[in-house]
Amino acid sequence: MFKYLTSLTLVAVCLSAADDLPRVDLHIHLDAEAKGAKGVTPSEAAALSKKLGVRFGVLAAGGCGGEIRDDKTLEAFLQSMEGQPMWRGLQVYGFGWPNCLSAENLGKLDYVAADALVFPDSSGPHASGRSVWLWLPGVTFADPQDFMDRYVDFNLRVLAQRMGSILGQTVIIENKGGADGAIGTWQKVITDNKIEIN
Numbered sequence: 011m012f013k014y015l016t017s018l019t020l021v022a023v024c025l026s027a028a029d030d031l032p033r034v035d036l037h038i039h040l041d042a043e044a045k046g047a048k049g050v051t052p053s054e055a056a057a058l059s060k061k062l063g064v065r066f067g068v069l070a071a072g073g074c075g076g077e078i079r080d081d082k083t084l085e086a087f088l089q090s091m092e093g094q095p096m097w098r099g100l101q102v103y104g105f106g107w108p109n110c111l112s113a114e115n116l117g118k119l120d121y122v123a124a125d126a127l128v129f130p131d132s133s134g135p136h137a138s139g140r141s142v143w144l145w146l147p148g149v150t151f152a153d154p155q156d157f158m159d160r161y162v163d164f165n166l167r168v169l170a171q172r173m174g175s176i177l178g179q180t181v182i183i184e185n186k187g188g189a190d191g192a193i194g195t196w197q198k199v200i201t202d203n204k205i206e207i208n
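Take 11 as the starting number for the sequence shown in our numbering and just add one per residue.
In case anyone wonders, no lab produced these hints; they're calculated from the structure. Every value quoted in this text rests on a predicted model; they were computed, and no experiment measured them. One should not assume that every hint holds.
[To be verified] The calculated lysine to any residue pairs, modelled on SDA-like cross-linking and capped at a C-alpha distance of 20 angstroms, are:
| hint | residue 1 | residue 2 |
| --- | --- | --- |
| 1 | Lys61 | Val34 |
| 2 | Lys45 | Pro147 |
| 3 | Lys48 | Gly76 |
| 4 | Lys82 | Glu92 |
| 5 | Lys82 | Tyr121 |
| 6 | Lys82 | Asp120 |
| 7 | Lys118 | Val162 |
| 8 | Lys82 | Val34 |
| 9 | Lys82 | Lys118 |
| 10 | Lys82 | Cys110 |
| 11 | Lys45 | Trp145 |
| 12 | Lys48 | Leu58 |
| 13 | Lys118 | Leu88 |
| 14 | Lys118 | Gln89 |
Take these sequences, add in the hints, and give me the full structure.
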């Protein structure tokens, strides 16, 4: 039932070398990821959090579309989490979300998370004109260097968003085309923009 909770939880539980460190997973979604699977309630997630000894941060997803698309849906999420010993977050997509949600309701969240894993493949000579979910298997790009150049630019836009609290979940994904030059692109971006990777 809880198999779709992020693998970070399992990793956190298995770490014995850092027993004195708090165990935290800030990327928990309560909805089921597999079609037809059952999600969990906030109280079920809180019980699992306690059992595992891992403090959860529960993320609703959206901004202007999806689960959270306006103040009414954000308020419903916040109310569903009341009294639960877990942090409340919002995983946003795109750049228009601050225009769809009030500052007052955003201020009730413990954090806002943004990542660059929904890639708007809309510019460049090899662009498909669609949004690409980069975590899905089988995603490839005809020109890996062109993709990496555009993907780095997109990551920098995501990281530049002004949020009250930000959890930058930018991930270096698997090589989507086979070119070694992609890693060089990331090294240059990390150096030029003084990005710290922990």
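These are the hints, each one checked on the structure:
no.: 1; hint: Lys61 x Val34; result: holds (13 angstroms)
no.: 2; hint: Lys45 x Pro147; result: holds (17 angstroms)
no.: 3; hint: Lys48 x Gly76; result: holds (18 angstroms)
no.: 4; hint: Lys82 x Glu92; result: holds (16 angstroms)
no.: 5; hint: Lys82 x Tyr121; result: holds (18 angstroms)
no.: 6; hint: Lys82 x Asp120; result: holds (18 angstroms)
no.: 7; hint: Lys118 x Val162; result: violated (31 angstroms)
no.: 8; hint: Lys82 x Val34; result: violated (29 angstroms)
no.: 9; hint: Lys82 x Lys118; result: holds (13 angstroms)
no.: 10; hint: Lys82 x Cys110; result: holds (11 angstroms)
no.: 11; hint: Lys45 x Trp145; result: holds (17 angstroms)
no.: 12; hint: Lys48 x Leu58; result: holds (15 angstroms)
no.: 13; hint: Lys118 x Leu88; result: holds (8 angstroms)
no.: 14; hint: Lys118 x Gln89; result: holds (11 angstroms)
Checked against the numbered hints listed earlier, the structure breaks hints 7, 8; every other hint is satisfied.
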